[in-house]
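Asks: Following the hints, position chain B against chain A.
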Amino acid sequence: MPATAPEQNGPSLLLRGLRKAYSDVVAVDGLDLEVANGECFGLLGPNGAGKTTTIEICEGLTDPDSGSVELLGLNWRTGARELRQRIGIQLQETQFPDKLTVEETLRLFRSFFHHGITVDESIRTAQLEEKRSSRVGGLSGGQKQRLAMACALVGDPELLFLDEPTTGLDPQARRHLWDLVDELKQAGRTIILTTHYMEEAERLCDRVAIMDHGRIIALGTPQQLIASVGAEHIVEFAVTSHEAGAHAATHGVVDADLLKAIPGIQSHRVDAGLHQLSVSELHTAVPRIFAALSAQGLHLSEFRTHSASLEDVFVGLTGRNLRDE
Amino acid sequence: MNKLELSSLYQLTAVRFRLILREPEAIFWIFIFPILLAVGLGIAFRNRPADVLQVGATTTQLTQALAADKGLAASTMDEAAGTRALATGGILLFVVQTPAGLTYRFDDTNPDARTARMIVDRDLQIAGGQRNAVPVENQLIHETGARYIDFVVPGLLGMNLMGSAMWGLGFSIVEARQKKLLKRLVASPMPRWQYLMSFLLSRLIMLVIEVVAFLGFARLVFGVPFRGSLLELAFLCVLTSLAFSALGLLVASRARTMEAASGLMNLVMLPMWILSGVFFSASRFPAIVQPLVRALPLTAAIDAMRGNMLQGMNLGQLALQVGILMAWLVVPFAVSLRIFRWR
Numbered sequence: 015m016p017a018t019a020p021e022q023n024g025p026s027l028l029l030r031g032l033r034k035a036y037s038d039v040v041a042v043d044g045l046d047l048e049v050a051n052g053e054c055f056g057l058l059g060p061n062g063a064g065k066t067t068t069i070e071i072c073e074g075l076t077d078p079d080s081g082s083v084e085l086l087g088l089n090w091r092t093g094a095r096e097l098r099q100r101i102g103i104q105l106q107e108t109q110f111p112d113k114l115t116v117e118e119t120l121r122l123f124r125s126f127f128h129h130g131i132t133v134d135e136s137i138r139t140a141q142l143e144e145k146r147s148s149r150v151g152g153l154s155g156g157q158k159q160r161l162a163m164a165c166a167l168v169g170d171p172e173l174l175f176l177d178e179p180t181t182g183l184d185p186q187a188r189r190h191l192w193d194l195v196d197e198l199k200q201a202g203r204t205i206i207l208t209t210h211y212m213e214e215a216e217r218l219c220d221r222v223a224i225m226d227h228g229r230i231i232a233l234g235t236p237q238q239l240i241a242s243v244g245a246e247h248i249v250e251f252a253v254t255s256h257e258a259g260a261h262a263a264t265h266g267v268v269d270a271d272l273l274k275a276i277p278g279i280q281s282h283r284v285d286a287g288l289h290q291l292s293v294s295e296l297h298t299a300v301p302r303i304f305a306a307l308s309a310q311g312l313h314l315s316e317f318r319t320h321s322a323s324l325e326d327v328f329v330g331l332t333g334r335n336l337r338d339e
Numbered sequence: 080m081n082k083l084e085l086s087s088l089y090q091l092t093a094v095r096f097r098l099i100l101r102e103p104e105a106i107f108w109i110f111i112f113p114i115l116l117a118v119g120l121g122i123a124f125r126n127r128p129a130d131v132l133q134v135g136a137t138t139t140q141l142t143q144a145l146a147a148d149k150g151l152a153a154s155t156m157d158e159a160a161g162t163r164a165l166a167t168g169g170i171l172l173f174v175v176q177t178p179a180g181l182t183y184r185f186d187d188t189n190p191d192a193r194t195a196r197m198i199v200d201r202d203l204q205i206a207g208g209q210r211n212a213v214p215v216e217n218q219l220i221h222e223t224g225a226r227y228i229d230f231v232v233p234g235l236l237g238m239n240l241m242g243s244a245m246w247g248l249g250f251s252i253v254e255a256r257q258k259k260l261l262k263r264l265v266a267s268p269m270p271r272w273q274y275l276m277s278f279l280l281s282r283l284i285m286l287v288i289e290v291v292a293f294l295g296f297a298r299l300v301f302g303v304p305f306r307g308s309l310l311e312l313a314f315l316c317v318l319t320s321l322a323f324s325a326l327g328l329l330v331a332s333r334a335r336t337m338e339a340a341s342g343l344m345n346l347v348m349l350p351m352w353i354l355s356g357v358f359f360s361a362s363r364f365p366a367i368v369q370p371l372v373r374a375l376p377l378t379a380a381i382d383a384m385r386g387n388m389l390q391g392m393n394l395g396q397l398a399l400q401v402g403i404l405m406a407w408l409v410v411p412f413a414v415s416l417r418i419f420r421w422r
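Going line by line, the protein sequences match chains A and B.
All residue numbers for the first sequence refer to my numbering, where the first residue is 15 and numbers rise by one.
All residue numbers for the second sequence refer to my numbering, where the first residue is 80 and numbers rise by one.
Just chain A, with the same shape it has in the complex:
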C-alpha cells in the first residue's frame, strides 16, 4: 500500500514562527520550516537544542506558545482526529509493557487505526518475526526500538515522526534501523527525524536542519551543508617544539597566518591544543603544511585528515562540537 496521499501537493509539514518557552529556558525560538511530501527530513543538533520540543509540537503533544503548525494541510485545533489517523509517531524512551508479547503490543496499536497494514506486515517490516511471541521485557534495545517503529507504522502513516530513533543503540543495531528507515523512504513516506548523530543525518536525510538553542542555524541537503564549510577535507594536528626536550609535553606556538597563507586552506581553529584546518586541495596543501610547521621549528605529535562532515558544519557555525554537553 503506498503511503503517500496523491491528492496532497502542498508541503507535508509547515511551521511558521514557532515559539515555546519553559519556565527557565526558551526551547524553540521562532522556527520556520517546510518539509515536502516524500522527503526524509532531519533535525540535527546537540541535546537541549530544542529538537524534541519541536517534534512534539508537530506531533500535537505540546502546545506552542505562538506560531502555527500545519501537517498534511491540517492543523491540531480542527483536524486532530484525522491527523492522529494519518501520522505515525515514535517517541523517545517509550517503554511498552514488559509482559505483553510483540504481537499483542502491535495488535493493540493496530486496533486504534481505521486503516493500516496488518500486524503480520508490521512484524515483517520491522524484522521481528522471530520475536513475535516473545515478551517485550526480553527484547534487546534494538529490537525494542524496532517494535516502537512497527507501532508507528501499523496505521500506514503518510507522515512519520521518529524522535532519536537510534539513541542508545550499539553500532550494529543502529545500522539495522537505518536500513529499516531506508526501506520506508523507498516506499515514499514523508519522514521527519531528530538525531544528534551527524552520520545518521548524512546517511538518511534528504535535507537537514541544524538546530542550536531553539533556532535553525543551517538548512539544506547534507551535501550543500558540507559544501558550506568551504572545503571537502578537514586536517587535524597537534605539535610540540623541536628543541623542547625538557618540555616535550608543552604545545608549540603555531603561526596561524602562515598556515592560512597556504593555497587551499580555508580556515584554522584550535580546540584544546588540536589544530583544525579546512582544506580543499589536500594533495598540494599537506606537503606545505608539513613544510610550514617544520620551518617554525615545530614537531608534529598528531596528524590526521577526514572528509568534511555535518559535524564540521556544526563546529564551523557554533565553535562547539555536537557532543559537547
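Be aware that a few hints might be false.
[Said to hold, decoys possible] Counterexamples of contact, computed for chain B against chain A with all Cβ distances above 10 Å:
#1 Y89
#2 T142
#3 L151
#4 A152
#5 P190
#6 I205
#7 R226
#8 G295
#9 V347
#10 V372
#11 V409
#12 L416
[Unchecked claim] A few chain B residues facing chain A, derived, Cβ under 7 Å:
#13 L85
#14 S87
#15 Q90
#16 V94
#17 L98
#18 R101
#19 K258
#20 K259
#21 R263
#22 A266
#23 S267
#24 P268
#25 M269
For the record, the hints were derived by calculation from the structure and aren't laboratory data.
Being a predicted model, the structure only gives us computed values, none of them experimental.
Each residue gets a CB set at the ideal place from its N, CA and C atoms; glycine is no exception.
Replies: Same frame as chain A, now just chain B:
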C-alpha cells in the same frame, strides 16, 4: 483478524487482563491473601466448646460426686499433692474434707477458679441433698451469623475490594505514565475514554472471580450466612469496586512516579483500614468522629455488606450507605477526569 480483534476497547481490556494475570504477586494479593486471612481469623476466633475445669479433692467420695459433672475433671489427691497442683496450675480448685465440712482452696482473682468454685459448690450441695427452689431448664444456642467470622467476612470483602480496585487502577496508570506509555498512547488515535473504560471493564471481570472465590470459600468452610438478596449483594460489590476505582483514578491522575503514587495510596487507605470497621465495629470510635467514620467509603461498603449478609436488609434500608458510595464514585471520577495528566 475478526471484528472483535479490531475493536480498540476490546484490545485495551484484553491487554489489561493479560497484564493482571501475568503478575503473580497480584494474583496472590487479590485471590489468595483474603482467603488466607479468613482462614487465620477463623481459626483464631473459632467458638470453642465450654472449657472443662480441672479440680482436685481429698476423698474419692467427693471426686465421684464432682466427676458426674461434664464441666469438671476431678481427681483425688492428698493435701500435699493438691497444694502443689494448685500452685503449678494443674488444678483450679482443691476441695479439702475437714471435720467441720468442706474447705475450697482457690485463687479468687482467677475467673475460671471462681467458676469452678460455683460449679463445685452447687454439685456438692446437690449431692448433700439440696433441691432447686425454682425449677429451671437450659436451652443452648449456637447461632451462625453472630460469630466473629460472620462479622469479619464482609469486612475482609470490603477491604479486598478497596485494595484491588485502588492498586489495580492507580498503580497501572502511574506506571504507564512513568514509562511514557501513556504519552505514546495519547500520540496514537486511541480514544482516551476507552483507556479508562478498559480499566473499569477488566476490574468488573476480575471482581466476579474475586468475590465469588472469596464468598464461596467463606460459605463452604465457615458457613457464613447470606440473608439478603444475592443480586443486591452483587450490586453492592460492583458499586464498591467502582467507587474505589474512581478513588484510585483520582490518586493516579497527577502522580508522576510509583513512589508518589504508593505514598498517596497508603495515605488514602490506611485511615480506612483502621477506622472503617474491618476487624471490629466502627461504632467503638467516639461519637464525635462518627460522622467522619460513617462518611468513609469503606465504612459505607462494609456496613452495607454486613446489613445485606447478616441482617438481610434490602437496598432501601441501606439507602444511606448506597448514597455515600455513589457520591464517592461520582465526585472523584469527575475531578480526576478534569485534572488527569496524560503525559
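Asks: The structure should be examined with respect to each hint, and the outcome stated for every one.
Replies: Comparing the hints with the structure gives:
The beta carbon of Y89 of chain B is not kept farther than 10 Å from every beta carbon of chain A, the shortest such distance being approximately 7 Å. Residue-level check passed: T142 of chain B sits 71 Å from the nearest beta carbon of chain A, beyond 10 Å. At roughly 63 Å, the least C-beta separation between L151 of chain B and chain A is larger than 10 Å, which holds for a residue marked as non-interface. At roughly 60 Å from the closest C-beta of chain A, the C-beta of A152 of chain B stays outside 10 Å, upholding its exclusion from the interface.
The non-interface label for P190 of chain B is consistent with chain A: the shortest C-beta to C-beta separation is roughly 57 Å, beyond 10 Å. Every Cβ of chain A is farther than 10 Å from the Cβ of I205 of chain B; the closest lies at roughly 73 Å, confirming the non-interface assignment. A cut-off of 10 Å between C-beta atoms confirms that R226 of chain B is not in contact with chain A; the least separation is 42 Å. At roughly 28 Å, the least C-beta separation between G295 of chain B and chain A is larger than 10 Å, which holds for a residue marked as non-interface.
V347 of chain B, annotated as away from the interface, keeps every beta carbon of chain A farther than 10 Å; the closest lies near 25 Å. The Cβ of V372 of chain B lies farther than 10 Å from every Cβ of chain A, with a closest approach of about 39 Å, so its non-interface assignment holds. The beta carbon of V409 of chain B is kept farther than 10 Å from every beta carbon of chain A, the shortest such distance being approximately 28 Å. L416 of chain B, annotated as away from the interface, keeps every beta carbon of chain A farther than 10 Å; the closest lies near 18 Å.
The closest approach between the C-beta of L85 of chain B and any C-beta of chain A is roughly 6 Å, which is under the 7 Å cut-off, so the hint is satisfied. For S87 of chain B, the interface hint holds, the least distance from its beta-carbon to any beta-carbon of chain A being 4 Å, beneath 7 Å. Hint on Q90 of chain B holds. Least Cβ distance to chain A is approximately 4 Å, under the 7 Å limit. Annotation: V94 of chain B was flagged as interfacial toward chain A, and the flag holds, the nearest CB pair being 5 Å apart, inside 7 Å.
Checking L98 of chain B against chain A: minimum C-beta separation of about 6 Å stays under 7 Å; hint holds. Look at R101 of chain B: its Cβ gets to within about 4 Å of chain A, closer than 7 Å, so that hint holds up. Restraint check, K258 of chain B versus chain A: the minimum CB separation of about 4 Å is within 7 Å; hint holds. Interface hint status for K259 of chain B: upheld, as the beta-carbon distance to the closest one in chain A is roughly 5 Å, under 7 Å.
The interface hint given for R263 of chain B is met, as the beta carbon of that residue sits about 4 Å from the closest beta carbon of chain A, less than 7 Å. Satisfaction of the interface hint for A266 of chain B is found here, the shortest Cβ-Cβ separation to chain A being roughly 4 Å, below the 7 Å cut-off. Contact between S267 of chain B and chain A, as hinted, is supported at the beta carbon level, the nearest pair being about 5 Å apart and thus within 7 Å. Of the supplied interface hints, the one on P268 of chain B holds, with its beta-carbon coming within about 4 Å of a beta-carbon of chain A, less than 7 Å.
Hint status for M269 of chain B relative to chain A: holds, with the closest Cβ pair at about 5 Å, below 7 Å.
Hint compliance for this structure: hint 1 alone is broken.
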